[in-house]
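Letter by letter, the chains look like this.
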Amino acid sequence: QVQLQESGPGLVKPSETLSLTCAVSGYSISSGYYWVWIRQPPGKGLEWIGTIYHSGSTYYNPSLKSRVTISVDTSKNQFSLKLSSVTAADTAMYYCARLTVTVFDYWGQGTLVTVSS
Amino acid sequence: QSALTQPASVSGSPGQSITISCTGTSSDIGSYNLVSWYQQHPGKAPKLMIYEVNKRPSGVSNRFSGSKSGNTASLTISGLQAEDEADYYCCSHAGSNTWVFGGGTKVTVL
Chain A
58 QVQLQESGPG
68 LVKPSETLSL
78 TCAVSGYSIS
88 SGYYWVWIRQ
98 PPGKGLEWIG
108 TIYHSGSTYY
118 NPSLKSRVTI
128 SVDTSKNQFS
138 LKLSSVTAAD
148 TAMYYCARLT
158 VTVFDYWGQG
168 TLVTVSS
Chain B
0 QSALTQPASV
10 SGSPGQSITI
20 SCTGTSSDIG
30 SYNLVSWYQQ
40 HPGKAPKLMI
50 YEVNKRPSGV
60 SNRFSGSKSG
70 NTASLTISGL
80 QAEDEADYYC
90 CSHAGSNTWV
100 FGGGTKVTVL
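First to last, the protein sequences are chains A and B.
If you want our numbering, it's the 1-based position in the first sequence plus 57.
Counting from 1, position 56 in the second sequence corresponds to residue 55 in our numbering; the numbering is continuous, with no gaps.
Any given hint could turn out to be false.
[Unchecked claim] For lysine-lysine, the following DSBU-like pairs were computed, each having C-alpha atoms within a straight-line distance of at most 35 Å:
1. K133/A x K46/B
2. K70/A x K43/B
3. K43/B x K101/A
4. K54/B x K133/A
These aren't lab readings, by the way, just hints derived from the structure by calculation.
All values reported here derive from a predicted model rather than from experimental measurement.
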């Protein structure tokens with residue numbers, strides 16, 4: 058059974074960088090598929106942040122592209138998200154998920170990140 | 000890249016059928032048969048219900064079905080049950096390996 062688990066600070070100060078990691082179990086990232094970050098502000102809808110392939114190829118939401126970096130560590134079977142210059146608008150539940158080319162089939166439980174001083 | 004348009008809420012009585020629409024553009028829904036639907040209960044992660052417009056993952060009830068016409072996709076829930084009360088989100092490929100979600104629809108079982 059594929060499982061994903063997000064981890065990282067729950068509180069980030071404005072203008073700083075948000076950093077999250079997604080640990081994958083039950084499937085080797087090196088075997089293929091794509092890995093994504095999706096967020097959901099409180100009471101609002103889902104927003105795709107970006108995607109990474111096991112080879113390291115990345116694709117980002119144009120609205121966030123200038124602030125987002127997604128990386129992968131196949132030796133630890135995990136991938137990470139960095140979002141720079143955060144503001145209160147970046148407060149959200151952040152999910153990691155697996156993308157099987159056409160669909161997000163496995164999701165983590167999510168981690169709430171609050172941007173506040 | 001704008002969010003897909005969904006009605007904010009849809010309601011129905013137990014046993015009835017409801018349909019949730021998801022309107023995009025010729026750059027997303029209209030160009031790809033890569034529309035998926037996710038169910039989200041409060042405090043939970045989204046769950047895949049439909050993929051590639053009308054395919055159901057193993058374990059998802061056949062009361063859920065999907066379709067697409069032009070730039071609009073739809074999710075139909077037949078034989079509505081109390082457990083179907085949740086938020087539903089559509090999602091489409093939008094070209095260049097990008098993805099766009101709908102704003103979400105709250106389904107209420109009366």
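Evaluation of the provided hints:
Pair hint K133/A plus K46/B holds up; C-alpha atoms about 26 Å apart against a cutoff of 35 Å. Distance check on the hinted pair: K70/A and K43/B sit about 26 Å apart at the alpha-carbon level, within 35 Å; holds. For a cut-off of 35 Å, the pair hint linking K43/B to K101/A stands: about 14 Å separates their Cα positions. Restraint check for K54/B and K133/A: the C-alpha separation of about 33 Å stays at or below 35 Å, so the hint holds.
Violated hints: none; the structure is consistent with every hint.
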